[in-house]
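As a plain string of letters, each chain reads:
2 protein chains.
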Amino acid sequence: MSTDRLVVIGGDAAGMTAASQARRRSKDLQIVAMEKGRYVSYAACGIPYYVGGIVDGFERLLVRSPEEFRSKQSIDARVRHEVLQIRPQAGKVLVRDLDSHREYEEPYDQLLIATGASAVRPDLPGIDAQGIFGVSSVEQATELRDFLEHQKPKRAVIVGGGYIGLELAESFTRWGLDISIIGRAPRLLRSIDPEMSDLVSEAMTKMGIDLYLAEEVTAFEEQAGRVAAVVTEKRTLPADLVLLAMGFKPNTDLAREAGLALGIKDTIVTDDHMRTPLEHIWAAGDCVQANHLVDGRPYWTSLATISSKQGRVAGTNITGGDASFPGTLGTSITKAGPVEIARTGLQETDLADGDVAFTAAKIDSITQPGYMPDNEPMAVKLLAEKSTGRLLGGQIVGGAGAAMRINVIATALQAGLAVDQIHDLDLAYAPPFSTVWDPVVIAARKLCDQC
Amino acid sequence: MSTDRLVVIGGDAAGMTAASQARRRSKDLQIVAMEKGRYVSYAACGIPYYVGGIVDGFERLLVRSPEEFRSKQSIDARVRHEVLQIRPQAGKVLVRDLDSHREYEEPYDQLLIATGASAVRPDLPGIDAQGIFGVSSVEQATELRDFLEHQKPKRAVIVGGGYIGLELAESFTRWGLDISIIGRAPRLLRSIDPEMSDLVSEAMTKMGIDLYLAEEVTAFEEQAGRVAAVVTEKRTLPADLVLLAMGFKPNTDLAREAGLALGIKDTIVTDDHMRTPLEHIWAAGDCVQANHLVDGRPYWTSLATISSKQGRVAGTNITGGDASFPGTLGTSITKAGPVEIARTGLQETDLADGDVAFTAAKIDSITQPGYMPDNEPMAVKLLAEKSTGRLLGGQIVGGAGAAMRINVIATALQAGLAVDQIHDLDLAYAPPFSTVWDPVVIAARKLCDQC
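Top to bottom, those sequences are chains A and B.
The numbers in the numbering used here rise by one with no breaks, and the one at position 436 of the first sequence is 436.
The numbers in the numbering used here rise by one with no breaks, and the one at position 299 of the second sequence is 299.
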């Protein structure tokens with residue numbers, strides 16, 4: 001292999017995992033990583049916990065500094081370096097040093113595009129007012145935390161009812177804020193089905209959070225340059241802090257301009273080795289289209305687990321190895337106040353096209369036996385193919401200890417188990433952890449009866 | 001089917017689950033359950049939490065009373081009724097009413113033996129002194145809790161270093177007792193491998209519990225009828241409370257006397273439908289030999305999960321259905337103070353005979369990302385077949401949230417996954433729940449490198 005010089009565009013999960021894996025496998029390879037932000041390899045998923053004060057300083061989120069990459073792994077990690085163009089014919093990228101404003105060409109033998117995804121920022125009146133924040137970078141997070149500490153806001157409006165919105169709602173409760181969530185969709189968390197989402201809404205309402213769903217933000221009102229209210233078609237909500245959590249879009253302008261055809265949601269299309277159709281160009285992470293493990297459909301979601309796995313696969317293959325990324329189930333988990341939420345595989349809304357005849361069962365159980373004083377409600381929903389009983393997906397909403405059971409469902413899905421096999425699983429039981437019949441098994445039983 | 005009258009011997013998990021399942025499937029069947037104790041269908045696994053004061057009254061442990069079985073399910077549950085003999089030729093059992101001392105024959109068309117297991121009680125000098133307790137029944141548990149409340153003991157010695165011993169140690173810490181554990185084996189918890197067990201011992205020692213392992217109790221000293229000390233070959237430990245937790249043995253005298261050949265550890269041998277070789281006689285629960293799901297070996301352990309599953313299978317088949325108990329992995333979980341412990345499948349000590357060439361890997365990880373303030377250590381050990389990479393078993397010892405991951409390993413085992421497939425699992429990640437690479441995946445990776 002002529003892998004003398006690997007250039008990585010993007011210095012977070014996918015990019016730096018690939019760089020590290022490449023270094024592990026090859027001592028001689030030159031590795032250069034270009035990151036336009038100030039930090040590489042930071043824990044974006046930790047941001048809500050830093051904002052909420054659970055994690056003290058943002059430095060804790062920085063897994064490894066550019067200096068460490070340089071000294072410990074001989075990886076030339078260049079922060080504040082933005083790649084402006086990929087020049088596949090020449091085997092070069094055009095780079096701008098954002099501090100010195102110098103532009104230069106950097107040659108590569110292998111190129112990894114790991115440009116990630118960016119938070120959606122709507123082009124609405126008042127969007128640039130002070131007090132409106134995103135949380136998709138450490139820089140934004142430190143600004144927000146600074147604002148919470150020093151400006152002592154009282155009324156927060158979160159725009160967006162997805163994971164990030166809910167996690168930040170929990171963070172804001174720690175600051176004693178009045179919190180409202182405005183969601184464009186009729187329900188929170190579109191990655192779970194409506195009856196499960198309703199349980200989350202109930203819990204949020206119990207926490208004192210006001211929900212305004214099926215509402216669209218039309219503008220932000222400002223006073224003296226600071227945000228004063230959020231305007232929807234239906235109302236004006238006073239706010240001295242606004243959090244934008246309206247989802248992500250893949251950063252693929254560079255890839256498209258380099259001649260790569262884009263897939264769903266404008267993602268880069270690779271094979272399972274993370275190879276793009278352009279020779280010597282690889283891609284991994286949030287900018288890449290994945291395949292769904294249940295039915296092979298093209299699928300995109302922004303998850304650190306997928307990015308890390310794809311980065312590792314890319315780093316292996318770039319250095320002459322043979323690894324493949326099998327696909328994803330979109331397994332994810334989150335916590336909003338006392339409620340745990342998890343999902344994996346396909347959900348009803350994914351199956352709405354009717355191509356697969358399926359059956360679904362939801363059960364309401366508890367996290368521990370009824371005699372244990374800390375037992376909490378826990379709902380499990382499972383979906384299976386009607387003709388074969390093959391599991392298609394699952395969702396969990398419940399109290400402490402509920403949601404990590406999603407891993408049983410994810411493992412069963414990946415192994416291709418049918419619901420009667422899930423019913424027979426020998427799962428762990430002791431009163432601090434579960435009921436004798438695990439709620440996942442109870443759900444499987446109900447589903448068996450319907451298959 | 002001539003299932004007019006089902007008699008069940010034993011009124012706990014297996015017996016009453018079978019009775020309930022039989023009733024669910026058949027409205028007309030007469031069902032009689034004989035229980036020699038005072039209670040049916042009680043949560044034996046909840047006893048440590050009742051003793052420790054987490055569960056308030058012992059009534060909370062009684063899932064369903066005989067009256068409820070009678071009124072709600074038309075199940076004639078007779079407590080304080082001991083079956084003295086099974087008469088297969090006559091299709092009858094000989095029963096003694098322990099209150100009236102009346103003996104009578106009860107006819108059956110189908111008989112389920114669900115006699116459970118009894119705590120081992122060594123025949124040692126002083127064993128009958130006051131202050132020496134077992135915890136294998138609600139009656140014993142209420143006596144122990146009463147003793148804790150009113151006698152205010154100060155020094156407890158637990159004889160036995162298995163699950164029950166550890167769970168009771170946790171219970172006793174809640175009463176502020178000085179606690180010692182004496183174990184005959186050189187390590188705590190023989191159901192996990194030595195290097196994992198060592199982690200548990202360290203945690204127990206940190207909790208201030210004194211461990212005396214590889215020591216055998218030879219006698220109990222008493223003063224005025226009350227226990228004063230526990231004597232081993234090596235020392236005399238002062239004690240005003242002794243807990244016996246020396247394991248269980250299946251209750252199979254009745255079965256043997258009825259002509260049934262016994263299997264390992266004197267268990268009743270059934271087929272996967274819970275049928276014994278004697279016509280119309282079934283058996284389920286702690287008195288029955290199970291097959292190990294990994295390699296089919298005969299296996300016995302006392303677990304509520306197995307009893308409930310076998311009871312359900314028996315109840316289905318007794319009423320003309322067709323269910324089977326697939327076998328067990330011996331999946332179990334427990335908590336001792338801040339430490340969670342879980343295991344499933346085969347362990348190194350199971351494979352010591354050398355018939356299967358295996359490889360094992362242990363990793364030390366953490367329950368949450370390093371930046372989360374509550375992250376705790378977590379060790380995972382996995383074993384795989386050397387030639388194929390097929391997973392054979394796993395063990396986990398760690399802090400809060402660690403142990404329920406055992407279900408991923410159990411599911412993978414039951415699905416027959418190889419370690420490289422476990423490495424590829426799409427497991428859930430968010431900072432309150434896990435590291436980006438789940439510790440189970442990290443262990444699988446280490447094992448992959450060895451396979």
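Take the hints with a grain of salt, since some may be wrong.
[Said to hold, decoys possible] Derived DEER-like restraints, expressed as beta-carbon distance ranges:
#1 A:Glu143 <-> B:Lys206: 58 to 68 angstroms
#2 A:Asp449 <-> B:Asp271: 16 to 26 angstroms
#3 A:Arg297 <-> B:Ser118: 54 to 64 angstroms
#4 A:Arg102 <-> B:Lys206: 49 to 59 angstroms
#5 A:Asp420 <-> B:Lys206: 40 to 50 angstroms
#6 B:Lys206 <-> A:Gly354: 36 to 46 angstroms
#7 A:Asn291 <-> B:Arg121: 23 to 33 angstroms
Hints were generated in silico from the structure; no laboratory data involved.
C-beta atoms are modelled at their ideal positions from N, C-alpha and C, and glycine is treated no differently.
Okay, the hints, checked on the actual structure:
{"no.": "1", "hint": "A:Glu143 <-> B:Lys206: 58 to 68 angstroms", "verdict": "violated, 42 angstroms"}
{"no.": "2", "hint": "A:Asp449 <-> B:Asp271: 16 to 26 angstroms", "verdict": "holds, 25 angstroms"}
{"no.": "3", "hint": "A:Arg297 <-> B:Ser118: 54 to 64 angstroms", "verdict": "holds, 56 angstroms"}
{"no.": "4", "hint": "A:Arg102 <-> B:Lys206: 49 to 59 angstroms", "verdict": "holds, 57 angstroms"}
{"no.": "5", "hint": "A:Asp420 <-> B:Lys206: 40 to 50 angstroms", "verdict": "holds, 44 angstroms"}
{"no.": "6", "hint": "B:Lys206 <-> A:Gly354: 36 to 46 angstroms", "verdict": "violated, 58 angstroms"}
{"no.": "7", "hint": "A:Asn291 <-> B:Arg121: 23 to 33 angstroms", "verdict": "violated, 59 angstroms"}
The structure shown violates the earlier hints numbered 1, 6 and 7.
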